[in-house]
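The listed protein sequences correspond, in order, to chains L, S and V.
Here the first sequence is numbered in the numbering used here, starting from 6 and rising by one per residue.
Here the second sequence is numbered in the numbering used here, starting from 29 and rising by one per residue.
Here the third sequence is numbered in the numbering used here, starting from 1009 and rising by one per residue.
Hint data in this document are derived by calculation from the structure and do not stem from the laboratory.
A quick note: this is a predicted structure, and the numbers were derived from the prediction, not measured.
One or more of the hints may lead you astray.
Derived SDA-like pairs: lysine to any residue, alpha-carbon spacing no greater than 20 Å straight-line [as the list claims (entries may be wrong)]:
hint : chain 1 : residue 1 : chain 2 : residue 2
1    : S       : LYS256    : S       : PRO469
2    : V       : LYS1102   : S       : ASP456
3    : S       : LYS116    : V       : LEU1041
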Amino acid sequence: SSFDNAAQAQETFEWKMVTSWPKNFPGVGQGPERLAELVEEMSDGRLTIEVFGAGQLVPGFEVFDAVSEGTAELGHSASYYWKGKAPAAQFFAAVPFGMNAQEMNAWLHYGGGMELWNELYEPFGVDVLVAGASGVQMGGWYNKEINSVEDLDGLKMRMPGLGGEVMNRMGVAIVNMPGGEIFTSLQSGAIDATEWIGPYNDLAFGLHQAADYYYYPGWHEPTVMFEALINEEAMAALPADLQAILKTAVRDINASVLDEYTARNNDALETLLNEHDVELRRIPDDVLEQAREHSEDVVAELAESSELAGRIHESYRDFQNKVVNYHAISEQAYYNARNPEGGTVE
Amino acid sequence: MLEFMPLVLFAVICIVLMFGYPVALSLAGTALAFAGLGMGLEAMGIDAHFDGGYLSAFPNRLYGIMTNQTLLAVPLFVLMGVLLEKSKVAETLLDAMAMLFGSMRGGLGISVTLVGMLLAASTGIVGATVVTMGLMSLPTMLKRGYSVPLATGTICATGTLGQIIPPSIALVLLGDVLSSAYQQAQLSMGIFSPKTVSVGDLFMGALVPGLLLVVLYITYVAFISWWKPEAAPPADRKELMEELGHTGGLGLLLLKGMVPPIVLIVAVLGSILGGFATPTEASAVGAFGALMLALIYRRLSFKVLGEVLRSTVNVTTMVFLILIGAALFSLVFRAYGGEELVTSLFEGMPGGVVGATIIVMLVIFLLGFILDFIEITFVVVPIVGPILLAMGVDPVWLGIMIAINLQTSFLTPPFGFALFYLRGVAPDSVPTSAIYRGVIPFIVLQLAMLTALAFMPQLATWLPDQF
Amino acid sequence: MSSPSYSGELPAVIAKLDRCSELLGRGLSWLVLAMMLVQFLIVVLRYMFNVNSIVMQESVMYMHAVVFMLAASYTLRHDGHVRVDIFYRGIRPKRQALVDLVGTVFLLMPVMVFVILTSLGYVSSSWRIFEGSPDTGGIPGVFLLKTLIPAFAGLMILQGLVEAVRHWWILTGRLVPLIDEQEPHLEERI
Ligand code: NA
Ligand code: NA
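The following block holds chain L by itself, in its conformation from the complex:
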């Protein structure tokens, strides 16, 4: 009856959103804040979201469990953190020499990616929406020059995930360390190199004060896609209009996080180069070549981890092959036409 509808319209929901980033972390940390504002405004206060930085309610790497168990209704994170639960999750965050943000969004929304992603999280009682992207990252900060593959031998580097495994196969000693130790370890020489994110976050982290060379491109992370995790039961309990509002707001931050990165990275790179005299270097071709070969092996092995992983890999690979062909004559051809020298311009 209309009375029921009115009563339902009055019902309010107070949700918690746990994230894997420090509160207000530049870039990715802004996404959840914006989401909370948008949802509250669009729902006229019927759905409010309290955002928690990493460690405030649960540690950053406990976000998935917290949403799965219902401790928080929402989470904002990146799927490669959950490889211990489902190795195939890494396909939805970053794949070395894989698809960039524009291509990932196309695959996820129009190429069957989202369906596979939700199938992967279904046993955990978690719904997932894509909620932002970093764009192509930087290759990392180095205190040793990399002029050939041989220079990688015995290099001590912090690089998590699939990229780290690739580097490992190229003779790099991959080291794990907590975020708080990265800066000092790099500065002191305990490690020779680290990857981080892109100019905007790297500048904020101060890595230019601890390393000599800033290498590009970030082949290991052609983007990181961020994710909004939603507790399935909590979602089901929402009225249809609030569900729609939530999904729309997530779709908004999916775009806005990437937009912000694109804008801020430009300014930050300029600051790094002009004010801090950072030495920008391109990763040599033979290194990229070898990394590409090892990446294929690493990704193929990942595809064998389960039946579902195999299907995800197939869908991912097929889409990438198609989009590479099209982008060769569109994006890539245009980039080349716009800037034939390929370097940075004044």
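Add chains S and V with the ligands to chain L, keeping to what the hints say.
Here is chains S and V with the ligands on its own, set in the frame of chain L:
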């Protein structure tokens, strides 16, 4: 009234702790009782401002403590300390140092401060440094007739130096959060190519104030030994030689007693500062070195090794159970809206930048009684940092103020963490009241340093500005 | 820290539990040595041979977690958990036993039951998928690591039981704590 529950919880915990049941379990148990009360009230339809959903985050937080790689250094630094103590290496070092300072009254106290500074620089974890220093030097100081408060005060104070003298894990965490807050503050002011503050800036900023504190401590010990000679008796060189059963020349003793452990400590410190290892790695190198020293000095039987390991386990579990208890407490505190309450109290106060800074410092000081550095860094600084930084406060200065402030808080009775840790390893014959009395002069020194820093921000900002 | 000494005997079952706890703690203490040696080896391998093993890195973390989670009850047995003992140290042994009995029943026990209740779902969902390492090439035993949480609480409950009985028997005079022959108080030196 019910909105002040977080403050009531705080007060009740203070009372419960006084009964003397272990701190960790008192914190956790009382908090849990309050959680039950909150849920009961809510179930009865009374709005207690309590969100029981927070409680289910406890296993996640426990797992976070278990997998925190930064904390791996704790048992290893403790092991190093226990090894140096039980194999009498540290005692010999301090004796040798005391002999070097020979006729000087208070020479042992000064040696302890210097040794403590070396250790503090290498560990940077309050619990580990206080415990290590306590195990290493307290028995020696007491044996040499030092006043108990002077001995315990010196040890507690030097033990907390770890978070201010670089490299310091506390400063790394703080730098991480402050850089975000600084950027956020500038973004909120419409500055879109923001200036940055890094961990390296904080390290440099902390160097001058940290070393000044060491100078203040040493001056105080020297002053006391001049004013009250019986509190810090000189170690008579000849007597000491006989007592140690040492017959060779002084030079040989110094060579045997001082050089190896100093080489060890410098190696640990140097491996971090000089760029060879992270604190966790350095702690393992240090513990391994201590094991080798004990073996070389032929002071390590199988039985002694077993005792060393069991002591290490005792101290480590003590530190971690406190972390676990504090984790449950802080969940309940926040479930009652404690965080918002603190924020609103803070925002309601008048006084501009100076007033706001004083209030923030006071709040952080009080929170330091019950929360550890990491929790304050991640909970309080993100709330208050952007507000203060947007008012134009210098981020390096703010960071060092917070660090010294917390260091003072950890020293302040009855809830200073440093005091708990020292109490945990001090012999029963040392009365707790003596520990409390002993730190008071050092708290005064700390406050003097804070005041100086408040009026002369250059103490912190000058060095980083040179780069 | 020595084991507590008493004249009189605890009930057989309780005494047996107490001895098991002691053995467990002693056994675990050797993990500290192993942890140090492995971490030292990591340093040597990395800096002298430029070799790094994620498994070794993680194994140190595993040993560390096992020690402080499972030995917490051993430390309880040895009264090693630090107290604010401004008043406690001055009161008679029976009063101390009363504080400890009340604390055990109303502080320790509820907390540990709470830990078990809140962690069961968390741990069982980890077991269901045999959760592996979040790091490439890490130890595939996160489900075991998480199991330490209820295990910690379970051991604390068992030792809490022993302590409760011990304090009850002291209170009722069936067990008499032996006064330590210690060095004289250092009050006079203040
Ligand atoms: Na990255
Ligand atoms: Na330090």
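A quick look at each hint next to the structure:
1. LYS256(S) x PRO469(S): holds (14 Å)
2. LYS1102(V) x ASP456(S): holds (18 Å)
3. LYS116(S) x LEU1041(V): holds (19 Å)
When the structure is compared with the earlier hints, no violation turns up for any of them.
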